[in-house]
Every structure is written in structure tokens, then in C-alpha cells.
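Colleague: Starting from the structure of chain A, add chain B where the hints point.
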Amino acid sequence: MSFIIRGALSADLDQIMAIETECFVNDAWSREVMQSELEASHTYYLVAEVEGNLVGYAGTSQLADSVQADIQTIAVRPNQRGAGIGRALLNELFKDAKRKGAKEIFLEVRSDNTIAQKLYKLFGFKQIGLRKQYYQPDGVDAFVMKTSIIKDVDAKPLVLGIETSCDETGIGIVRGNELLANVISSSMDLHSRFGGVVPEIAARAHLEALGPVLEEALSKANVSLEEIDAIAVTNGPGLAGALMVGVGAAKALAVSTGKPIYAVNHLVGHIAADILDQGKLVTPTIALLVSGGHTSLLLVRDILNDVQLLGETIDDAAGEAFDKVARVLGLSYPGGPEIDKAAQSGNPSAFRFPRGLTLPKDMAEHRYDFSFSGLKTAVARTVELAETNNEEISIPDVAASFREAVVDVLIKKAIAACLDHDIRRLLLGGGVIANARLREYAMSECAANGIELRIPPLSLCTDNGAMIASLGAQLLMAGNEPSSLDFSADSTLSVTQIQS
Amino acid sequence: MSVTSTNPEYALAIDTSAGTTVAVLSLGSVLSEVNYLEPMTHSERIGSAIEKVLGDAKLSPGDITEVIVGRGPGPFTGLRVGLAAARYFAIGSGAKLFGVCSLDAIAYSYYQTNPEEVRPVLVTTDARRQEVFWALYSGTKNGVPIRVEGPSVSKPAVLEDHLAGQDVINCELPITASALGQVAYYQSLTDLGPSLDVTPLYLREPDAVPAKPKKVSG
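These protein sequences, in sequence, are chains A and B. Going by our numbering, the letters in the first sequence line up with residues 1 to 500, in that order. Going by our numbering, the letters in the second sequence line up with residues 1 to 218, in that order.
Just chain A, same shape as in the assembly (with noise of 0.2 angstroms):
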């Protein structure tokens, strides 16, 4: 649907009647109040209008040569609203108002209208004072409300991301498409002797990382917390009790600057990091997310509405996979780079490790799905063979047939996804894309097949929280309204809840 925006003039007095009356059952001006506001010369009122229809309105005053103005009013149809209609009438007021030399602009809003209340913090508006029983005859208190810093609103929002899921402390700022900052502080040392992520270790060290990194972040992006227009928070999925320290921390830190919070999820978060690295994300892509903590394999059509899930790991994760392993094969913590190191100088074809959900009746039900348990027990009975029966066994053999057979379904599956869909495009993501033998037979199998491949710089792979930054700066471009103060932290958040 589009709109556009147009001075009022008095022959739209009826339709604006309507919608008053229709937005404001109780307390509507009168037809002669509201004349008369069109008419003042001191004031300045615009309509939306859809299909040469009106949808909405919205006034300001503002006295000749008075560095104030007051927002009069605001309304838009409410089978209309979400669409960034109220959003594009208060832009352009703006811009009036600071053409006119506006230092400040006011307004009061009804107590009990959170929608407004919370486009106004969007545009930098705080509250200052309460009107007790200002609305009569509801009897509703008004909070008055300022913004001093007229801001402009057509430049690109400054986003604050706070990622917390897994065990890296990350916070990231972005300026619309643009990477400012991307501090991470990782627990992975703590976790090393107990060969995986212990949940409780990762939520403890999250706790101590979180000022240090959000001071070196802001240091970073040479910004202050007053010049951030919104904070993003991931909000799943992740460890419950890692994703809360992020949650808690990003709500108190909304509240107490009194900017607007995105819910983000972590896995689409992945996608929307690249597009801090392109300045944009063509789609439709296909994704393939590989971690510690997940593999998915997703069609992302639009990243702020259709991400849809075509399959993931119904055992290990493939990170979890190369830790599993290491273990087995008495390399150290994490699997994944000790893996990569020792298969160098082996041979990948030494061994045939099984290809998890690739046979023809697994393909049938789980044709886009993982499969990492059989492999590692594969692999672990392998080494337990040899070693019964005294026999050598090459390290770096069964780490590069291992590391082959991983590579292989991962890569095969996401290619066949392109190629299914036909979408040529394959965005990875993840810690696991480190691998230097994924990414090659990544290039390879994609050239081979006509695919464009993406792969964002490690720094944006793993996690971090410029990519959480990156999709709420999406989020908040695209006109959608902050999240709730009540939302919860999601351990299987789905990906298909984009925002929560």
C-alpha cells in the first residue's frame, strides 16, 4: 500500500471530522475548533491520503519566530495504522518545524495511548510532566511530553545490539546498513577443559563482560548512549539462562534512557549481518547457518517478513559435531580449528564416514535436514577398533574423512535447496563457516551449479551483536513499532518470529 503526505486544505474538513470522530469517540474537537486550526496561520496541518482517500491527519503549532512548537494532533485510521503513515506525518512536521527554527518540540498524549506513546520516543520525545485528568470526560491523566534535540529523522537510525544466546558477550552499533562498532568478549576459554559450552559458565561470564563491553563498543563507534535511537536485544533461540543476562540488562537500559527496545532473533540476526557488509541483502536467498549451537538451512524471501525454516539438525549441531570428535580423537577444545589443523596433512577419502539423512528414504522426509550423531559414533568406533586391535591410526586421516563428510552433506543439502527453489544466491553464516575446507567446497560446488555465494567476514560469522544491531536497524527503517517491555527470552524461539 502507498500514501502520500499533502498540506490540508479547508475542503478536507469533512473527511478529517470523520476520522476524529472515529479516533477519538470521547473527546473529539468540535467541527469549529477544528476549523479553526486549519485555518490559524500560526499553524501547520497535513493529511495522508491512500487512493484519494483520507487516512490520517496531523497539526503543529508553532508561533512566528518561537524556537517551540506543539504537536495539536495526530490521527490515522485504525485499519490504516502499521504501515509508517503516523511515522511519515511526524517526519514532516519535523521538518517544518526545525525549517521554521523549532529548538523544541511539545506535545501531551493520553496516559493510556501506549501506540503514540511509543512513535514519540521513536523521535527522541520524553515525558517531562503529567496533566492529571486532562481528558475530560474519560478523566485520563496527559503526560507532557519533549524532545529538545530536533532530530533528523530522514538520516539513518543509531542502533545499539545486545547478543547474549550462546557464549559470546556481544554488543554492536550500527547506522542503518553501516557497521560502527562490534565488541565481543567470549567465555570460550572457560569452557575448554569441559570440552563444550557449560550453560551456567557462558550466563556467569556474560554477567561480567556486560559493562566493559558496552563501554568499549560505544568508545568504539565514537557515539554516546543519548545519540542511540533504539536498543536491539536477541531474544532467542539460545541457552534460557545466557539469553536472560541480555534481556534483563537491554530492558533496564530502555527504560532508563528512554529509547525503544527491538526483540530480535538470533538466527536471522546471522542474515541481517550481511548486510553490514554489502550495504544491502539481495533476496531471495537460501541460508545456511552452521554453529556450536545450530544448523538450519533457511529461504529468506524478505528478512523483516518471510524467513521460512527448510530444515536443521535433528541431533548434534555440527559445531557440537567437530567438539565430539576432538574429544574422540584427543585434540583440544573447541573441535572445530583443531580439526581444521590436523586434517591438512590428511586424507580425506582414508575413511567413508556416513552421510547423515542422505539416503534415498531419508532424503524423502528429511531432505533439507542434519544428522551429526551417527557420524561422530562412526568415527568414535572407528578409533576404538584400531586401538582394541593395537593398530595405528593416522589422526590426520580421520580428521580430514571426518571433516569431508561434514562439509559434504552440509554444502550438498544447501545447494540442493538452491536449486530446488531456484534461488541462486547461498548467504552463509555461523562459527563454523571458520572451516577452511567448508568455505572452499562451498566456492567450488556453487560455481559449479551457478549459484552466487556470501560469505561475511568471520567478525560477522559467529555471533556478535552488530548483527542484532543490523536487523533492528531493519526493523525500525522499515516503520515497525518497538517491541513490548514483556517480552520473554525464548530458548526455541522459532525462526519465523522474526521480532517478538
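Derived by calculation from the structure, the hints in this document are not laboratory data. Warning: the hint list may mix true and false statements.
Straight-line distance between alpha carbons at most 27 angstroms, and here's what the computed DSS-like set of lysine-lysine pairs gives [what the hints assert, rightly or not]:
| # | chain 1 | residue 1 | chain 2 | residue 2 |
| --- | --- | --- | --- | --- |
| 1 | A | Lys156 | A | Lys132 |
| 2 | B | Lys141 | A | Lys146 |
| 3 | A | Lys126 | B | Lys52 |
| 4 | A | Lys132 | B | Lys52 |
| 5 | A | Lys98 | A | Lys146 |
| 6 | B | Lys58 | B | Lys96 |
| 7 | A | Lys100 | A | Lys118 |
| 8 | A | Lys220 | B | Lys96 |
| 9 | A | Lys103 | A | Lys146 |
| 10 | A | Lys118 | A | Lys156 |
| 11 | B | Lys96 | A | Lys126 |
| 12 | A | Lys118 | A | Lys103 |
| 13 | A | Lys118 | B | Lys52 |
| 14 | A | Lys132 | A | Lys118 |
| 15 | A | Lys103 | A | Lys156 |
| 16 | B | Lys58 | A | Lys146 |
| 17 | B | Lys58 | A | Lys132 |
| 18 | A | Lys118 | B | Lys58 |
Facing chain B, from chain A, some residues (calculated, C-beta under 10 angstroms) [stated by the list, open to error]:
| # | residue |
| --- | --- |
| 19 | Val50 |
| 20 | Gly52 |
| 21 | Leu54 |
| 22 | Lys118 |
| 23 | Val198 |
| 24 | His206 |
| 25 | Leu253 |
| 26 | Ser488 |
| 27 | Thr492 |
For glycine and all other residues, C-beta sits at the position ideal for the given N, C-alpha and C.
Modeller: Relative to chain A, chain B alone:
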């Protein structure tokens, strides 16, 4: 505004060591408070709870000069939500941040209603796994409960043996953020002042066993 001090100080107190409790105080008197007793909803509640106590006290975040946070002990996952929120609220509002042992706030509540108590007061809270968090108090000094032992975590039977022969009063009152804020206020009147230590009182190491090479296929 009910407070007419020339130099108003407003404290936001937060504790998530049991349920979610948040309060606003001015110079030790409580302006607003919300208490959600149920555990497990800390991360959902915390944002709205803070917004509500500020609204009820007719304050904006910038009016808050101090944030007081309960350091536990308490179940870890919930406890961290309050600690994380307190840290970021303090950063966002520019307020100072202080920590109070959550059990001290419970003891404070007890002495409020039993000011003449002379016997040792044992404060216990549920530590799950058939254990309790506990601390022992011997009265108050300048309004602040005097903790003589703890905080610790023990099996109830072990704690009973440990305290055998002492005529202790058992106290299992709920923790409130208002009491937490008042403890910090009375601490601020002493030479020592409130504590800058806001680290969690976990009292237990994370559950995790170091990995050793093992049979995976077995």
C-alpha cells in the same frame, strides 16, 4: 512531589534473588514498590516493573541517583537478571550502583517488626537441591542488621548441627526491594557507606565435570 529536601536523592532498589521485587525510595522512605513473588518470570517482569515503580513515584529515570541491587544468594538464573538490569540501569541513568546481600534485607524486615529481639536470628532461603542459603544475625547497629555468620549454603541437617545449643529464631520472611533499599540507606549513614561490590553471591561452583577422552560409541 512529597519530598522537599533541597537535594533530593532517589534510589531504585532491585532484587531478583527469589521473585522480582523493585522499589523507589527517597532517603530511606518508600515511594513505590512492586513485588512479583513467582520465580521464573524475572526477565519478562523486570522492564515493566522498573517502569511502573518510576511512574508510581512520578519520577523519570534521570531523577534516580542510586541503584541498589540484591547480590543474592538465590537461584542463579533469576539472580543474574536483577544484577544485569541494575548495572545497565545505572549506566543508562548515570546513577551510582551499590550492592546489598539479599539476606540482610530479610533480616532488616524481621527487626522492623521485632526491634527488641535479643536472640540470634537465622535467615534462610530455599537453595534448591535440598539445601538452604543462610546467614545469622545478632541485632542491628544504626539500623543495619549485624551479620555474624554467612551467607552460606548447607543441608538443613548440617546447619542444625552447626547451630546446636544456640537459641536461634528462624526467619523465613520474603525479600522486598524496599527493605533492600532501606538497608543501603542506613549503611549510607555509617562511616563505611553502602558497598560498591555488586558481584553475585553464588556460593556454589557451576555444575560441570571436566571432560576426559572417553568412549563415545559405547
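Colleague: Hints first: check each against the structure and report whether it holds.
Modeller: Outcome of the hint check:
no., hint, verdict
1, Lys156(A) to Lys132(A), "violated (37 angstroms)"
2, Lys141(B) to Lys146(A), "violated (46 angstroms)"
3, Lys126(A) to Lys52(B), "holds (16 angstroms)"
4, Lys132(A) to Lys52(B), "holds (17 angstroms)"
5, Lys98(A) to Lys146(A), "holds (15 angstroms)"
6, Lys58(B) to Lys96(B), "holds (20 angstroms)"
7, Lys100(A) to Lys118(A), "holds (26 angstroms)"
8, Lys220(A) to Lys96(B), "holds (24 angstroms)"
9, Lys103(A) to Lys146(A), "holds (11 angstroms)"
10, Lys118(A) to Lys156(A), "holds (18 angstroms)"
11, Lys96(B) to Lys126(A), "holds (22 angstroms)"
12, Lys118(A) to Lys103(A), "holds (21 angstroms)"
13, Lys118(A) to Lys52(B), "holds (16 angstroms)"
14, Lys132(A) to Lys118(A), "holds (21 angstroms)"
15, Lys103(A) to Lys156(A), "holds (21 angstroms)"
16, Lys58(B) to Lys146(A), "holds (16 angstroms)"
17, Lys58(B) to Lys132(A), "holds (12 angstroms)"
18, Lys118(A) to Lys58(B), "holds (19 angstroms)"
19, Val50, "violated (35 angstroms)"
20, Gly52, "violated (42 angstroms)"
21, Leu54, "violated (35 angstroms)"
22, Lys118, "violated (13 angstroms)"
23, Val198, "holds (4 angstroms)"
24, His206, "holds (8 angstroms)"
25, Leu253, "holds (4 angstroms)"
26, Ser488, "holds (5 angstroms)"
27, Thr492, "violated (15 angstroms)"
Of the numbered hints listed earlier, those contradicted by the structure are 1, 2, 19, 20, 21, 22 and 27.
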